[in-house]
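Enquirer: Based on these hints, arrange chain B with the ligands on the given structure of chain A.
Listed below are the residues making up each chain.
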Amino acid sequence: MTFILSIDPAKCTGHGRCYTTSPDLLHDDEDGFVTLRGGAMVVPPDRLAEARQATGACPERAISLGRQRGADRADRKDSDDHLHRS
Amino acid sequence: MARTSPSRPTASRDTGTCPVDHTDYRVDRPVLWHYGHLDGGREQAAVAWNDSTPHGFWMVQRYDHVLEALQMPDAFGNEQVNAFDPSMALKLLPNMLDQPEHSKLRKVLNPYFSPAAVKRVEPMAHERAAALIDEVAQKGSCDFVAEFAIRYPTDLFLALLGLPTSDGEMFVPWVEGIFGGFFGADEQAARHSEESAANIMAYFADAVEDRARHPKDPRTDLVSRLLEARIDGELIPRADVLTICLTLMTAGLDTTRSGLGYLLYHLARFPDDRRRITREPELWPKAIEEALRLYGLIIGGNGRLVTRDIEFHGAPMKKGDMVWIGNTSANRDPRVYDNPDRFDPDRAGLNRHLAFGAGPHRCIGMHLARSEMAIALREWHRRIPDYRLADGEPLTERGGQLSLKSLPLEWDR
Ligand code: HEM
Ligand code: SF4
Chain A
275 MTFILSIDPA KCTGHGRCYT TSPDLLHDDE DGFVTLRGGA MVVPPDRLAE
325 ARQATGACPE RAISLGRQRG ADRADRKDSD DHLHRS
Chain B
60 MARTSPSRPT ASRDTGTCPV DHTDYRVDRP VLWHYGHLDG GREQAAVAWN
110 DSTPHGFWMV QRYDHVLEAL QMPDAFGNEQ VNAFDPSMAL KLLPNMLDQP
160 EHSKLRKVLN PYFSPAAVKR VEPMAHERAA ALIDEVAQKG SCDFVAEFAI
210 RYPTDLFLAL LGLPTSDGEM FVPWVEGIFG GFFGADEQAA RHSEESAANI
260 MAYFADAVED RARHPKDPRT DLVSRLLEAR IDGELIPRAD VLTICLTLMT
310 AGLDTTRSGL GYLLYHLARF PDDRRRITRE PELWPKAIEE ALRLYGLIIG
360 GNGRLVTRDI EFHGAPMKKG DMVWIGNTSA NRDPRVYDNP DRFDPDRAGL
410 NRHLAFGAGP HRCIGMHLAR SEMAIALREW HRRIPDYRLA DGEPLTERGG
460 QLSLKSLPLE WDR
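Chains A and B supply the protein sequences, listed in that same order. Heads up: the first sequence begins at 275 in our numbering, then just goes up one per residue. Heads up: the second sequence begins at 60 in our numbering, then just goes up one per residue.
For reference, chain A alone in the conformation it holds in the complex:
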């Protein structure tokens, strides 16, 4: 089972709680937004706890963490609508 973490660009307003809480998983850009804003990533299995923490830290409820069945489709940076509603 693969987990996908995605960030809804409409909701993310750059609180930065996600990358502060989980600095090994998520990072800030120059404007203070998370670099993954509007994108999605495959969560490495040993990072699942951090991904959960980041998800729970976002005041805007902008982060979703969902399962994806089947083959890993690695590191997709494009935003993919069905991933945002898990």
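Bear in mind the hints are in silico, worked out from the structure with no lab data behind them. Be aware that one or more of the hints could be misleading.
[What the hints assert, rightly or not] Only pairs whose alpha carbons sit at most 30 Å apart, straight line, appear in this in silico BS3-like list of lysine-lysine: (1) B:K178 - B:K163; (2) B:K377 - B:K163; (3) B:K178 - B:K275; (4) A:K285 - B:K178; (5) B:K275 - B:K345; (6) B:K464 - B:K198; (7) B:K464 - B:K377; (8) A:K285 - B:K345; (9) B:K150 - B:K166; (10) B:K166 - A:K285; (11) B:K178 - B:K377; (12) A:K285 - B:K150; (13) B:K378 - A:K285; (14) B:K166 - B:K178; (15) B:K464 - B:K163; (16) B:K163 - A:K285; (17) B:K150 - B:K345; (18) B:K178 - B:K345; (19) B:K150 - B:K163; (20) B:K377 - A:K285; (21) B:K150 - B:K275.
[Said to hold, decoys possible] Chain B stretches covered by chain A per the calculated footprint, using a threshold of three residues with CB under 8 Å from any CB of chain A: (22) 162-172; (23) 415-427.
We put the beta carbon where it would ideally sit given N, CA and C, even for glycine.
Expert: Below, chain B with the ligands alone, put in the same frame as chain A:
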């Protein structure tokens, strides 16, 4: 932009299923009074109508509804942001812009307030904090609010704009003046507030003029950037540049002062919490978040103007109504936080508190405020680890935007 007229008589309103709250939140009260009162209101209803001001306003009081309202900028607009006084003359930018203009200006400003930018001012913050605390440490007592908590962020703010920190002394009374009348109920204070704003604007006008003649590196200097930035191909009008400076100042100084005040007040009253954090200084960031959650500051200053008739959780809101977004109530909502009255830096879900707001207008200064507070608290407790409330008059908190009026502390030298 079409103007929505904010003039609606408050008498004989249809308040739907909502109770009516008569409390005037603009006046000074005994310390911690507001929190108890807000808790009562929130537990009574999700939304209430308040008729204590000439215009009246809706109060959104629970966490889920507060977040929902903040994420509905098309229904709850920012043309007016003072729930107590929708005809407030003071203009604030970027606060009083709606989309898409708002996000265009935020794009220009955000890089100067990001965590990366805040790191650049940290050495200066340590230096200012240390200097100001050294000044009071020898005395064995001080009014923390007046002698440290307002001076420190004022000096830093000036430094952030590339202005001399020595002007801080002159600035403080102006900042006080603005806030005295901003949310207040009496007319004399309102006039004094306008005078103070005029003084600050005149000061900034000179400073900005000087910067226009001698620009600095726009990548690190905010004022130089504001003078060259283009939005939709147009330079930002000079008057708006001044308004932005004034806004950053009014939004940034009083809040940081107030946040520091409540946290020290808490730590003076609960020595166990204080000892734990001074023993484990890596706890400061969490302790700051928890204090901001528990002792919210913003009550009414993040108002919204209803842009179209809408039924919101039982409230029949009309276009032109004002809405008071209850961030401070939300952060003490027992539906989200267990034992919300307890100070617990380890609590679950702490990060989701709404002390800095949410939605497009979330506080631009949040990273700066966090960093400034953490630095001040570390430096303070390194020098003055033990202190207590000095005997004296009972403490009061200012209404409108909460802040301790004074905080007399004493310690053994
Ligand atoms: C503990 C300190 C602070 C607290 C609790 C705080 C709280 C808030 C809140 C709740 C909002 C949202 C208002 C709304 O939704 O209408 C806000 C907005 C804002 N804050 Fe702060 N703030 C703090 C410090 C600062 C600092 C240090 C600065 C700047 C130097 C600042 C500048 C602003 C500005 C410019 C806005 C308006 C943003 C917009 O409308 O886009 N704040 N603040
Ligand atoms: S915490 Fe939420 S809003 Fe903030 S940067 Fe992360 S995803 Fe965006």
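Enquirer: Is the straight-line distance between the alpha-carbon of K163 (chain B) and that of K285 (chain A) 30 Å or less?
Expert: 17 Å, holds
Enquirer: Is the hinted pair K378 (chain B) and K285 (chain A) satisfied, with a Cα-Cα distance of at most 30 Å?
Expert: 25 Å, holds
Enquirer: Please work out if K178 (chain B) and K163 (chain B) have their alpha carbons no farther apart than 30 Å.
Expert: Within the cut-off at roughly 24 Å; holds.
Enquirer: Checking one constraint from the list: CA of K150 (chain B) to CA of K163 (chain B), max 30 Å. Satisfied?
Expert: Holds: K150 (chain B) and K163 (chain B) sit about 18 Å apart, inside 30 Å.
Enquirer: Can the restraint linking K178 (chain B) and K345 (chain B) be considered satisfied, given a maximum Cα separation of 30 Å?
Expert: 18 Å, holds
Enquirer: Sort out whether K178 (chain B) lies within 30 Å of K285 (chain A), counting only the CA atoms.
Expert: Holds, because 26 Å separates the two Cα atoms, which is no more than 30 Å.
Enquirer: Starting from K464 (chain B), check that the Cα of K198 (chain B) is at most 30 Å away, please.
Expert: With a Cα-Cα distance of about 21 Å, the restraint between K464 (chain B) and K198 (chain B) holds, given a limit of 30 Å.
Enquirer: Given the proposed pairing of K166 (chain B) with K285 (chain A), does the C-alpha separation stay at or below 30 Å?
Expert: Holds, at roughly 16 Å.
Enquirer: Holds or violated: are the alpha carbons of K464 (chain B) and K377 (chain B) at most 30 Å from each other?
Expert: Not OK: K464 (chain B) and K377 (chain B) at ~36 Å, beyond 30 Å, violated.
Enquirer: Given the proposed pairing of K285 (chain A) with K150 (chain B), does the C-alpha separation stay at or below 30 Å?
Expert: 27 Å, holds
Enquirer: Would you check the hint for K150 (chain B) and K275 (chain B), treating anything up to 30 Å between C-alpha atoms as holding?
Expert: Distance of about 27 Å is within 30 Å: holds.
Enquirer: Keeping to a limit of 30 Å between CA atoms, is the pair of K150 (chain B) and K166 (chain B) held or broken?
Expert: 20 Å, holds
Hints 5, 7, 11, 15 and 17, counting from the list given before, are not met by this structure.
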